[in-house]
Amino acid sequence: MRFDRRRLAPVGLLVLVLVVSLVLLAWAERRYVEFLETLQGIQFSVQLTDFEQIAPQQARLRWVVTVTIPNPKTPASLELLDWRVRSADERTHLGYYTTGETQIALASVTQIPAEALIEGTNFEKLQRLASETTLLFVGSARVVFQLPQGRESKIIPVVGVFALQNQ
Amino acid sequence: MKFLRWLVLALVAGIAAGASAALQSSELLKFSLVPALFAYMLIVLAGLSAGLLVQGVQEGLRLALSITLVGAITLFLALYLPNREVVAAAPELILRSVWWGALTIFVLTLIGIIVARIFSGE
Numbered sequence: 013m014r015f016d017r018r019r020l021a022p023v024g025l026l027v028l029v030l031v032v033s034l035v036l037l038a039w040a041e042r043r044y045v046e047f048l049e050t051l052q053g054i055q056f057s058v059q060l061t062d063f064e065q066i067a068p069q070q071a072r073l074r075w076v077v078t079v080t081i082p083n084p085k086t087p088a089s090l091e092l093l094d095w096r097v098r099s100a101d102e103r104t105h106l107g108y109y110t111t112g113e114t115q116i117a118l119a120s121v122t123q124i125p126a127e128a129l130i131e132g133t134n135f136e137k138l139q140r141l142a143s144e145t146t147l148l149f150v151g152s153a154r155v156v157f158q159l160p161q162g163r164e165s166k167i168i169p170v171v172g173v174f175a176l177q178n179q
Numbered sequence: 448m449k450f451l452r453w454l455v456l457a458l459v460a461g462i463a464a465g466a467s468a469a470l471q472s473s474e475l476l477k478f479s480l481v482p483a484l485f486a487y488m489l490i491v492l493a494g495l496s497a498g499l500l501v502q503g504v505q506e507g508l509r510l511a512l513s514i515t516l517v518g519a520i521t522l523f524l525a526l527y528l529p530n531r532e533v534v535a536a537a538p539e540l541i542l543r544s545v546w547w548g549a550l551t552i553f554v555l556t557l558i559g560i561i562v563a564r565i566f567s568g569e
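Going down the list, the protein sequences come from chains E and W.
The C-terminal residue of the first sequence carries number 179 in this note's numbering, and the numbering is unbroken.
The C-terminal residue of the second sequence carries number 569 in this note's numbering, and the numbering is unbroken.
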């Protein structure tokens, strides 16, 4: 086949565009897959660490929310949203709580303390539930991932089950 | 020989255009190292370089259609492979991106080919 010098520049340009686009795509795909793996592997566990009555009509509950990310490759931060304490059958609502911290940087294992003061009518409801020991700490976590071209946030529902009598 | 040249050209330019179109898709844009404008520029450059290698408007138009077809398949695979489980349940999640990506590839490749043919003095 006869070689045409005039075709060298467009062929070179086409090969360059192919290589650049494939390298950029492979890089983006790798980050995307890592992000999906992080999202699928993220685990939450809620543990009640302390429960005490601090006043006649006031009780304090303390939890530790443990966020586990196996092999984290995408920088991420977390915010706990709309946390509520409910009875196990979800019929009795015992209050709405959020953490003081807004954005918490996530590592492979991150422990986030959460605290709730149950007082007034909520305290009375808690007393009425005395026979029902199992309670739910229900909420959601907004996980914000730092990506090369902006941020991606996902809201993940979290439920912690705990028993007051055992504490 | 002419068919083989056309096939190679359609495959190389189509894969380049499809990979570039995937970079500007809503799924991958945030994970890309480059902004969407750079991805559009790569598609135009693929069309431009392919346009310099063909003769005549009709051949250019046929090539633009072939690049779009190969590009759409490349784009579909780029979005489908990392999302196999999700797409199996809801294919419409990526079909919108593939449709818009294919349209983008066709329009930008055609612009590149037209510019190339003008440069060539046609």
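Keep in mind that the hints were calculated from the coordinates and are not lab data.
Heads up, some of the hints might be wrong.
A few chain W positions that, by computed beta-carbon distances, are all more than 12 angstroms from chain E [unchecked claim]:
| id | residue |
| --- | --- |
| 1 | Phe450 |
| 2 | Ala460 |
| 3 | Lys477 |
| 4 | Glu506 |
| 5 | Leu516 |
| 6 | Ala537 |
| 7 | Pro538 |
| 8 | Glu539 |
| 9 | Trp546 |
| 10 | Ala549 |
| 11 | Leu550 |
| 12 | Phe553 |
| 13 | Ile565 |
Computed spacing ranges between beta-carbons, pair by pair [unchecked claim]:
| id | chain 1 | residue 1 | chain 2 | residue 2 | range |
| --- | --- | --- | --- | --- | --- |
| 14 | E | Val35 | W | Phe566 | 23 to 29 angstroms |
| 15 | W | Arg543 | E | Gln52 | 19 to 25 angstroms |
| 16 | W | Arg543 | E | Val76 | 41 to 47 angstroms |
Backbone N, C-alpha and C fix where the C-beta goes; we use that ideal spot for every residue, glycine too.
(message) Which constraints among the numbered hints does this structure fail? Numbers only, ascending.
(response) 2, 3
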